[in-house]
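Colleague: Spelled out from the first residue to the last, the chains are:
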Amino acid sequence: MRIISLFFLTLITISCFALHKFYVSTTSIKYIPEDRSLQITAQVFTDDFEFTLQKRSSGIKLNPDNKVELVDSLIKKYFKKNLVFKSKDSILQFDYLGKIYRNDLLVAYLEILLDSTITNFDVKNTLLFDFTDDQKNILHFRSRGRRKSFLSVSSRHTFEVELNISD
Amino acid sequence: MKTLKTFFSPVILFTFLINVQGQEVSQSLGGHLNGNKFKQLKEELPTPNKFRTASGAPGEDYYQQKVDYVIDVELDDKNKRLYGQEEITYTNNSPDVLEYLWLQLDQNIRKKDAPALQKNSEGDTAHNIIYNLIDESQVDRFASRHLEIPFDGGFNIQWVKDESNQFLKYTINMTMMRVDLPQPLKSGEQFKLSVKWWYNINDHVKKRARSGYEPFPKDGNRLYVIAQFFPRLAVYNDVEGWQNHQFWGNGEFALNFGNYEVNLTVPADHILEATGILQNPKEVLSIEQYRRYKRAEKSFDEPVFIVNQEEAEANEKSFSEDKKTWKFIAKNVRDFAFASSRKFIWEMMAVPIGGKNIMAVSLYPKEGNPLWEQFSTRAVVQTLKTYSKFTFDYPYSKAVSVHSKNQGMEYPMICWNYGRPDEDGTYSFREKYGMISVIIHEIGHNFFPMIVNSDERQWGWMDEGLNTFMQYLTEQEFAKRNPLSMDNLSKYPSRRGDPDRIVSYMAGDQSFLAPIMSNPENIYDLGANAYGKPATALNILRETVMGRELFDFAFKTYSKRWKFKHPTPADFFRTMEDASAVDLDWFWRGWFYTTDYVDIGVKSLKKLQFTNNIPEKAQAIIDKYGITNEDYPFIFLEQEDIKTESKIGSDNLQAYLDKFENDDKVQLPRNFYEVTFEKLGGLVMPILVAYNYEDGSSDRVKYPAEIWRKNDQYVKKIIATNKKIKSVVLDPDSATSDIDVENNTWPKEESLSEFDLFKSKTNR
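Protein sequence lines, in the order shown, are assigned to chains A and B.
Position 52 of the first sequence, counting from 1, maps to 128 under my numbering, and the rest follow consecutively.
Position 133 of the second sequence, counting from 1, maps to 200 under my numbering, and the rest follow consecutively.
What the hints contain is simulated information worked out from the structure, not anything from laboratory work.
Small disclaimer: the values here were computed from a predicted structure and weren't measured.
One thing to keep in mind: the hints can contain errors.
To be verified - Calculated cross-link-like contacts (lysine-lysine; reagent style DSSO-like; alpha-carbon spacing at most 30 Å):
#1 Lys131/A / Lys433/B
#2 Lys361/B / Lys390/B
#3 Lys157/A / Lys828/B
#4 Lys137/A / Lys630/B
#5 Lys499/B / Lys137/A
#6 Lys157/A / Lys259/B
#7 Lys109/B / Lys777/B
#8 Lys472/B / Lys137/A
#9 Lys273/B / Lys137/A
#10 Lys815/B / Lys131/A
#11 Lys224/A / Lys815/B
#12 Lys224/A / Lys732/B
#13 Lys826/B / Lys137/A
#14 Lys137/A / Lys433/B
#15 Lys224/A / Lys433/B
#16 Lys162/A / Lys826/B
#17 Lys274/B / Lys137/A
#18 Lys826/B / Lys200/A
#19 Lys274/B / Lys152/A
#20 Lys274/B / Lys131/A
#21 Lys143/A / Lys499/B
To be verified - Distance ranges between label pairs, derived from CB positions:
#22 Val144/A / Met553/B: 24 to 32 Å
#23 Gly221/A / Ser578/B: 16 to 24 Å
#24 Thr193/A / Ile688/B: 37 to 45 Å
#25 Leu824/B / Gly221/A: 17 to 25 Å
#26 Glu215/B / Lys157/A: 23 to 31 Å
#27 Lys157/A / Lys793/B: 43 to 51 Å
Even glycine gets a Cβ: it sits at the ideal position worked out from N, Cα and C.
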């Protein structure tokens, strides 16, 4: 079956109040000029992520002892789809180094080696947009002691990043 | 031995030479207004007056209106409707004459044509989603959003009458209703009116509302958590007049204190809890339940089940056609709410506080277990104890934690909380700690804003921020008191409160940030803005800026001053300063009125040496003024390589030192270092620094925030020591929410990042 269609919609609810679970991931990207690499650390809430992966692999549990290889392959696949780096229209493949569980978070480590011609890239972050309408993804990019931050929501989830941040 | 002070006096003359060397070229500045970060908040805060004093306390003319209610309500479970009638007694304690009253009709936010349904633009909030129509759950979401008939909610007002049964004219504007008074209501007078209404109860799970029901299709029951269910008087006061900001969904409530007498008629097999003291337990409880209810009042170690799980499971099958009326009286509360269902398990125990026994109560369906029986009542107990310690003794008779899916919402003496295990009884780390945290938070709301009754409609942070700060303290205490429940963690995994937890938000894209002093409707990330950031700010005030003793006294003073009253932000800011003698205007200005962040770095560490060499710039000054070495012996400091062995390279200084004999001999510290701190972020913060020496020892120094008052970019300090500095580490305990710690060390640490560590571990 193929995906029929994509809709961009606003869900208008009376939804932000009191204290309930909130849905935020944080992805830090650091440019290492010496290696010409991007070091990527992505944190998502384990329970939301587990729920999302269960749609792809029924009953899968995210915990340190469970089917490590299957879990890793699912995570890798999910990130390939939802954390996409592109430069000059071609996808920059990342190396999935692995993940750890820290309290209620899953932290995944990815690395991209850049070829010498790249000066900028696009990053698309749609992590867990398929889990909840309220998902927001914070992106922090660092390069040579400078920083730039983005907030990814489904109406705006792709950002252009210069390797050398200018003012 | 000569003191260093005496010794340095001749040297001081020449220290300008160092400054000449270090000066940086600054751009010429034209005339300007006072932009100093330490400027007082006179322009931001309202002028003190007889209602609210400059000290932050209520003034001699402070007043608040009193509103008493007698309410009869019937819950129609079959039709999911609520019918009500109320008699309101309004006492005008203000000095003003009122020509009309405003009532709040919060249910009207669920009217089919409510403007609140259209308040967001496509794409300007995070509430957007790419629907993937292959996925069943997403099809449901799409359908509920675009294909379903909108819910027919909102109050249906049947009539409004006065004491003599005459109809009163009323006008509804969205979520508010103006009732025109037959005669103007003078200061000190009372007016009685009655209202009759009904409304359709909403499914709160579907559209995430603060009240409504959760359906349980498996057993055909509903679990009702009912609030904002009656027309409530709006607040009239000295700062807003009538509260005229509509209910748009995010800004919560501004409410009056008063006494409530409420009679709740529900199906006879429902178990019910509500704000206030139950007046007719013998009528609504079975003999056995009543016996347990009385026993619980003497149970201090563990809860007593009034209804246990087995009984609740039997009860949820009964579907009685009869009705029962539960009668409650609540004194001096600002609101009333209740929860009702056949499904409830009910437990309670007594907590001694301030010479009284407070009942800690939990009410939950079996679906909440095994989490709820383990943690709910314990969390309630801890909250009552810790909050009472930091504010005032809990004044009400009970505090009830009700389990309701996805909820986290507070009312006087009662609140709704999430925390639902999977169907197989397992639960995630996040669900468990989320549940304990939400219970602490919502029970804690009894103090802020139920008793310290700030205006939530205008200022979300005044209750959420203060409450989240207190929640943090309570969570940490909960972990200490319940070590076996903590999964071997060294401390409670508080989501908010620790300084480093807010960094990701404060370092974020500025176009999505707003100052804390913003209306809750106009903020992107209310959770970080109104809960996390102010809670962190207070934590930093307590630990780093003021110290615990001064902070705790001032915070307690604020809580006691405004207990059962209506404080504003200025009352809080002023009291915290008034009771501590710490000028905090710079702190409020930075943390509450701007979106600035903390970023302080160690710019450089230089070693200085006394020398005969005359720096070029110094020579120019010597020439200009024609000073000679004979008039004033010159002593110069010059920069040396950091590794250079120390020596006194200045003949003049050596000659001066040689003059002292025996006991007067001056001990000159061997090493002089000049450290420069730069401030890249807009927020002012004390500089917390560790000087680590080659001999393995270390000094911790705190420079006050005021160090930044004359130079907001960089400041320097001279360290005179016999030891050799090996490294300088800023904010070594992560106590300041510094958003960039890479510039916090000298020398630039080539330590492995978290990423590198992980990579090296995996041998890639």
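Colleague: Does each hint fit the structure? Answer for all of them.
Modeller: Hint check:
1. Of the supplied pair hints, the one linking Lys131/A and Lys433/B holds, its CA atoms being roughly 27 Å apart against a limit of 30 Å.
2. Straight-line distance between C-alpha atoms of Lys361/B and Lys390/B comes to about 24 Å, which keeps the hinted pair within the 30 Å bound.
3. At most 30 Å may separate the alpha-carbon atoms for a hinted pair to count; Lys157/A and Lys828/B meet this at roughly 26 Å.
4. Between Lys137/A and Lys630/B, the direct Cα distance comes to roughly 48 Å. Violation of the 30 Å bound is thereby established for this hinted pair.
5. For the hint linking Lys499/B to Lys137/A, the alpha-carbon distance of about 17 Å falls within 30 Å, and the restraint holds.
6. For the hint pairing Lys157/A with Lys259/B, the CA-to-CA distance comes to about 64 Å; that exceeds 30 Å, so the pair is violated.
7. Taking the CA atoms of Lys109/B and Lys777/B, the gap is near 20 Å; set against the 30 Å cutoff, the hint holds.
8. Using a Cα cut-off of 30 Å, the hinted pair Lys472/B and Lys137/A holds, with the two alpha carbons roughly 22 Å apart.
9. Proposed proximity of Lys273/B and Lys137/A is supported: the alpha carbons are some 26 Å apart, at most 30 Å.
10. With a C-alpha separation of about 46 Å, the suggested pair Lys815/B and Lys131/A falls outside the 30 Å cut-off, and the hint is violated.
11. As the CA atoms of Lys224/A and Lys815/B are separated by approximately 21 Å, the hinted pair is consistent with the 30 Å bound.
12. Under the criterion of a C-alpha separation no larger than 30 Å, the hint pairing Lys224/A with Lys732/B is inconsistent with the structure, at around 56 Å.
13. Our distance criterion of 30 Å between C-alpha atoms is met by Lys826/B and Lys137/A, whose separation comes to about 24 Å.
14. This hinted pair checks out: Lys137/A and Lys433/B have alpha carbons roughly 24 Å apart, not beyond 30 Å.
15. In summary, the hint linking Lys224/A to Lys433/B is not supported, as the alpha carbons are separated by about 48 Å, beyond the 30 Å threshold.
16. Distance hint between Lys162/A and Lys826/B is fulfilled; the C-alpha atoms sit about 23 Å from each other, no more than 30 Å.
17. Restraint check for Lys274/B and Lys137/A: satisfied, since their Cα atoms lie roughly 28 Å apart, inside the 30 Å limit.
18. At roughly 24 Å between alpha-carbon atoms, Lys826/B and Lys200/A fall within 30 Å of each other, so this suggested pair holds.
19. For the proposed pair Lys274/B and Lys152/A, the alpha carbon gap of about 33 Å is over 30 Å, so the pair is violated.
20. Between Lys274/B and Lys131/A, the direct Cα distance comes to roughly 23 Å. Compliance with the 30 Å bound is thereby established for this hinted pair.
21. A hinted pair counts as satisfied when its Cα atoms are at most 30 Å apart, and Lys143/A with Lys499/B qualifies at roughly 24 Å.
22. Remark: the range hint 24 to 32 Å for Val144/A to Met553/B is upheld by a beta-carbon distance near 26 Å.
23. Between Gly221/A and Ser578/B the beta carbon distance is about 23 Å. The supplied range of 16 to 24 Å therefore holds.
24. At about 54 Å, the beta-carbon gap between Thr193/A and Ile688/B misses the expected band of 37 to 45 Å.
25. For Leu824/B paired with Gly221/A, a C-beta distance near 21 Å keeps the hint of 17 to 25 Å intact.
26. At about 30 Å, the CB distance of Glu215/B to Lys157/A agrees with the hint of 23 to 31 Å.
27. Between Lys157/A and Lys793/B the Cβ separation comes to about 48 Å, which falls inside the hinted range of 43 to 51 Å.
Taken one by one, the earlier hints fail for this structure at numbers 4, 6, 10, 12, 15, 19 and 24, listed in ascending order.
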